[in-house]
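Participant: As a plain string of letters, each chain reads:
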Amino acid sequence: MHWLSCRETITLCIVLRVLFALGLDFYLSPPTSYAYSVDNGDKVVEFINNGPGLLSASSPLTLYANLKESLWLYQRGMDPYGSGIGQVGSPLYLAFSFFPTIAESGPSKTQLLSKLFGIFLWTAPDAFSAWFLVRIWKARASTSTKSSSSSITFVLPLIYLLSPYVILSSLARSTSVWENAILLGAIAWACESESEFKTKPELNNSNSKSKSLLFLALRVHLSLDALILLPPLILLLLGSPESRLTEPGPFGLYLRSTILRAALNVLFEFMVYWTALALISTLIVGHWRWMSTTWGTSLSLPSMTPNPGLWWYFFTEMFDHFRPFFLVVFNVHLLMYVAPICIKFQHDPLYALFILVGILATFKSYPTLSDHGLFIAFWGIFPEVYPYLRHPFPTTLVLIHSALLQPLFAHLWLSHGTGNANFYYASTLVGACAGGMAIVDAVWAGLRIALEKHGKGELKLVEGEEREIVTQQ
Amino acid sequence: MLRTSLFLISLLLSSVFCLENINEEFEEYLSIKSLRDGRVTSSFSFTTLLRDAIPRDPRTLAFDDDTSQHYTLFPLSLGQILRQYAITELHLTLNAGKWNYDTWGYPDEPDVGVGAELRAWMAGDSISSIDERWQGVRNALAGLFCASLGSLDEQRTTSPRLSFPPEGALPDWGLPHELRHASHASEHVCTENLTPFLKLLPCKSLSGLATLLNPHRIFDADWHGIGLHVLWRPEGVEVRLNVQLVFDPLRISAQGKQDWSFHSLFDRKVEKACPVASSTRVSVELPNSGVYRVYPEPQEIRDGKAYYSLKNNNEAWNIGTMWPTDFEYRICHAALSSPDPALVPFSVTRNLLGPTQDRGQLSIVLTNNQQDTLQLLYLETMPWIVQFYLHTIRVHSDNVPRDDLISNISYVLPVPHARPATFESVLTLPGRSTLTFTMDVAKAFLRYTEHPPDAQRGWDLPPAIFTPLNQSLNGSMSLGSRVYTPSLLVDLATPDFSMPYNVIIFTCSVMAFIFGSVFNVLTRKFIVVRVRPDPPRNQSVGTEKRLEDTDSDTLNELNTSKSGVH
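Protein sequence lines, in the order shown, are assigned to chains A and B. Start counting the first sequence at 1; every next residue gets the next number (the UniProt record's numbering). Start counting the second sequence at 1; every next residue gets the next number (the UniProt record's numbering).
Bound conformation, chain B alone (with noise of 0.2 Å):
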């Protein structure tokens, strides 16, 4: 009997643990593609995924049904979070750097704005417990990795209408989806965002890809961002955590060469797979010409890259590529001859223009580099300490003036102190055109509390978003990838912070003077007093002689007026 119970028992288990483990599947996935200006791209993705999972439906989140969460490879920290605050779909990326979208094409991981940006579809039947569940959200992942997200509160916090649909797909609940969308530009990411970011793998960084997320290395490159994907499929909740990197061999090696391996990028080798990792697959992107070497021997080669899958293997991997002779800059003799086509459909630049504090006009210039009409949803999700005059909205394509070009303007006003402006419209753009978008702003007078620690240097505006919309055959509308800009940095007016106490003192000093001197003459006793010319003593003090109320009285016998006396 206990023998058949236990064996029963342990039967059990083992199909639990069986379920387990095919509920839960993690990847990993490396790509790096060399890129024209010599640097290369790295993008890791470990993917893990819940099979037969859904979010927690927010209407549960009134009963605290406490259901263990039991997971093995899911990250159980990130897991409560989104459980206790009913998020559906989350995304957060922390960067640093500027994404140069004319020489490196668009990234793998498309969210590669400057700083750090969460958004989130939450369901919810009020506005306010969304936006609750959003406040708790920022902390609770400014927690995670230790990350100043608690910055992005409301003055951030906008809900675009079309730029960041859901990735994933939204549980059909009969509940509306609302999205929570904050950015903070000047948010810096750095070792310690690293490190609770590895604690989520379920092999941390002792093996398999994440060995090579060498800190020392990855915040040496010219670009490196990480993110956190959590997205609902109908297989089951995926997260997906990306790290991306730009770096340049170029700069690493002494001959000017634009070779590199694990080795020379990582300063590391996979030396073991992770063995929970369904598979754990690299890929290298095969330069389109040259003479150029990819080691060792790809087991793979499709679309032009190399695939390896380094699972079952027990030498330790430096994948590289080589180049015979050394780098040259394709620029310099680009403008001789044909050009390299374009990497990306349209360029963007975007600046603050004006040289005075309170006020300047923002620029932006768009290029498209294809011959057909391209169509661009332009995002601004503005602080309000920069105001926007939309009359002043002027859009000239090649010098012309067509202000038929820009449409389906939707704006969200800013609140002072509390809501950021939310700017969206469509613009066209022609065939091979350059079309230039400019408007007024005025900047805002803070408070000297509302400052940052270094007010001079001035403030971080988020990045602006454009994002192709692509009319497919049947008529309706697709977005193609987001392309970010860099952020800007403007210079706002600031007080003199070191005299409040000075300030408040002037002031009141005037108005309490001049109130003083208006009750003191209004609540006075105008009389004539007589002097006799004879007695020399009281000549003297006689010309400015003070007198009291209580004297009035016996003055008033010397036949004298007074004013409000008839």
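One chain only, chain A, in its complex shape (with noise of 0.2 Å):
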């Protein structure tokens, strides 16, 4: 019953998009009679990426006029990925080219057809992100008894599919769509490997985790910056789904000497793919440059195209001499949550998985709106968290201020010539701060449950007492 709501909940979305679409590109289409210039919604792109999504929908690695651009390039023999300009995040998204209507621009016969393949093409990774997402929160409420899944299950899929980040992303054609649902494929999996051995523990190498592992690997492969979320997807692996948050304690489902062996043979087989997807792509391309074009470009920053991130107007308004120390300590201070939040979190991967989320999307060198997008329906997973929330309502209200003002700006300072670059810097800032609000609440709302599931019951044996909880705030 509620796996049918859900899907059902999913197809509607999809529809709902889908007509979307397909009414702004008629909407934005000129009329009938000079019809060359239309090519497969691309008006819908241009729309997008110079109206509500300006600057904000893609970053240059996932910009769709670059995917277009790289295929156009490989298919007439020229290489896109040997100089770091105008190339999206992988060698591997020339298997775009295998599409004719992405591939190939210009009128096309069958207009309408194209057109709806290229709006399936950016709203079907959507649907799979949603129900990857319902398939993640199943694996974590199927121990606990006590959750309402039935509703859950109805709002996930809503809070993703109809969230205006990723709307705005899909609409424009931007890659991190894609990035967004293998990301989400790779944690499902994860999520279920660990039922499954549960279930059949003479399995020792699930299906589920070399599913979960492979897609991991593609998603970081396609844009670095995820190397960050293998470590808690690791413990996911090895540990369980389940929400723990209020039972914290030491990561244990093995012994400690079957651990490490067990999480080197994760490790080695996650390498085993990325290596070998880096090998495909090195054969597609012919050449071992691609790797300092895409990878180096999250990494060393050569393009400022402005992005909601932190990083294109602090490196363009940095002094030579010191960019790249600045470069080495943006790049390390993404690595610096890793290690903390899995030790704290060891007894919820899931949630650590989460939280690293949240630090991607804040401060990735080449951020867009859809990893905001996932970091907010992540949100919906942990129902369980918001009681303890300390100001989800200020968070809300910074979220939505920086969000309406982004375009605003971007268009005051880019089209309108009355604003100037601080204007949309400053809207970029105040996202900056509403991801950090948003993270640190996280983290104190999975801290705290913990302490007031077991205070609980305890305290209400005592009479006549009353309890606060101190903290340092």
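Be careful, since some hints might not be right.
[Claimed, not checked] Covered stretches of chain A (in silico footprint by chain B; criterion: 3 or more residues with CB under 8 Å from a CB of chain B, positions within the stretch not fixed):
#1 67-79
#2 122-131
#3 309-317
[What the hints assert, rightly or not] A short list of chain B residues far from chain A (calculated; beta carbon distances all over 12 Å):
#4 D303
#5 Y307
#6 R457
#7 A493
#8 K525
It is worth saying that the hints were derived from the structure and are not from the lab. Backbone N, C-alpha and C fix where the C-beta goes; we use that ideal spot for every residue, glycine too.
Assemble the dimeric complex from its two separately framed chains, guided by the hints.
Facilitator: Here it is, written out as structure tokens:
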């Protein structure tokens, strides 16, 4: 029953999204007589990238125009990954050249069909994402009988599929939509692998585990920043996705000796997949330089194209002789969160993963709206922490404030000419504050919940005493 | 004995001098033409030929053979540069203004792109050695001509395949020859470039045609450019220094007449010829129609041109042309009666469209003025700050989409902060048609140190170059004369230059704040504190009481629980 309702929700949302995209395309298309300039829904992409999603909907590494350019160059025997400009995440995206509607531009006889196909290609990953989210939730809620999963399975697809962040990215045909789906797939299979392990303990290497690692390897291959999600995912593969926030304790479903070996096994499998994907990419483009132009781009930030993140203006304004130092600082800063959060939330690796997704959305070098959309959607999986959030309302307000001001200020700066770069920078700074507030609150609530659940039972017994949670803030 | 030896030495010396005089040859030539719009173009060229000389073989660069360079007419400072960097062919032009092909026709010297343009053919066995020498020759010429040629760095250097064939010959050393080309549209040409230029001439500006090069008038001209061309032909190395000017006599004259003379254009006359010049000639192109008078009486009239030789004459030369009537703009009645035949086979307009600072559209409109189909080689050497989207190339011929009219696309992708893009293709123009080429471009966001001092003005983009491809009867292609478009100005988004410190502080603060908060929460022990209701003094403080970690041990005994410990 619940499963059905979730599917129905996803279907309904997807139908709504497709209709919306088609309607927008129809609205933006010029009259039929001059159909030449219309290329399979590119008008919508242009509208989003110049309108509500200006600067924010896609980064240079996920821009649809860059994807099309890469395909165009590749099909004409030129090397789009040799120079470091105008290329999307990975040479594997060249597989899109199998889809003629993207690769080819110009008039097409079956315009409506190709339009629909284009919309489908960028809506399907969202449907997968929503479905994976529901599966993650199911894996997490499978043991806790108290939670009413029916409403969650209904709400989760809604908050992902109807989130303006995700819709904008999808309409702008940013490849980050695909990256989100792949990441969620990796997490969903990681959640399920453990439960299979439980039911069939004789299986050491489950099918889901391999799928999960393959998907994560693919996600890391497409954009290197996801590497910081590897440790929590390994924990998740070895541990359990269940909600154990209330029962903190050391990570241990295995003995200490076996845990290391199991972790190394998983790591090895991941490295095998990752290397294989890198080899495939190398075979596609025929040289190793693609690594420096794709992965290197997210590390060394050669393009200062504004995005909702913190890096671009900082390194635009940075003095030349300090740039390498601060590049290292910013990259290491991302890595610094991994170990503490994984250690602190070792009893609930899924929660650690969730917090790291938030950190990635706030602090990575080329974030887009869809990264924030993913973080927001992830909140739906952890309803148990809601009562312990300290300031959900201000966080939401700051987030909305930033989301509304970003396109406005980008326009004032770039199109209208009445603002300057500081306007957009200020709105992204506010966005980073919102992200930071959400992360801090998530960490707080995740730790606070343990105390509350524990305390409650005992405290009720003692009459006549008031209790107080004392913090340093 | 002494006498004979002295005689022998003097004989030897004289023979050497004679040899040198034969080996080096200097010619001056000035061609003046009245243009359709009443302007006058004058083109000076000073040619020095070093007979039987060959460019230096780059393989001898390793051995520092310091053979002396003795020239009498050939400019030594230039010879040293050419020798040190083993340059086979070199072209440097410094121009200001837009050459108006439609009303002025083709220029005598084809390199009329705005700003500085430098290109060199160099032989070399490795790319790195060529790049090193290219850098060296850039800096040396920058010093020689007092021009900012040092800014023609790797970010502006390209190697187009077809558009710049060598004008002379390339020695067959068994080494590949490479072309390096760079242009900088915002470079201005002024007096400080002309002075070193005149110094390269054997007579400086003291005598001969170079007397006319009066800086006050040259840099007042509507269009002016100076150029240096070094090339090798089997008979020797040729250095050609040229100055091209477009004057507007209508602007100078009070009566609105297009009369011109040396005196009216240059404010000078040729008082005496350069004694070492083997020939000093002036040609005046005679107008096609109308009543006019060319003075003094030309010595020779051939192919619609009047020729003068300024050698062997003791009086001052003041060549000029007079019209009895005022100048009439022919454009006014061109629309009514039959228009003048086009001076050039095609005309070009290049624009950068789009209102925003992050993307735009490059638009080129080409009009074929002929009945015949025309094939054009189209070259863009674009700095990386403007990134092409080749998949958005659309070609329309008379508003009909014709993507088949573009072919042979070759594209070298730009590298951010390092290398410009080189885009070459062949456009086919059907007879009497207008071809529109559009392509989307993305404008880069730059680091604040990369912006030029006056950043709001924008960046000058180098001109595009169109070269007609003429198919000869035996099927081989030959290149016509190059056509340069005017440069473009691109408006890039600028950061706020006044607040690098503020941005660094703001961003670092936010990151530090989030980092601190997260780690504050992560390293915290959560404990329940039971506060007895009775003591009133504790009650007031108790709601927000600070606890040190040392206190937690005592509180543990109060039957509390801690997170992280089971």
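Participant: Now, for every hint given, state plainly whether the structure supports it.
Facilitator: Verification of the supplied hints:
Residues of the region 67-79 of chain A with a Cβ under 8 Å from some Cβ of chain B number 8, which satisfies the need for three, so the listed coverage holds. Taking a C-beta to C-beta cut-off of 8 Å, the region 122-131 of chain A contributes 0 residues in contact with chain B, too few for the three needed, and the coverage statement is violated. Under the rule that three or more residues need a Cβ within less than 8 Å of chain B, the assignment of the region 309-317 of chain A holds, with 7 such residues. With 12 Å as the threshold on Cβ separation, the claim that D303 of chain B sits away from chain A holds: the shortest Cβ distance comes to roughly 48 Å.
Every CB of chain A is more than 12 Å from the CB of Y307 of chain B (nearest about 52 Å), matching its label as outside the interface. Every beta carbon of chain A lies more than 12 Å from that of R457 of chain B, the smallest distance being close to 14 Å; the non-interface claim holds. A493 of chain B, annotated as away from the interface, has a beta carbon of chain A within 12 Å; the closest lies near 6 Å. Listed as a non-interface residue, K525 of chain B fails to keep its Cβ farther than 12 Å from every Cβ of chain A; the least gap is roughly 10 Å.
Checked against the numbered hints given earlier, this structure breaks hints 2, 7, 8; the rest are met.
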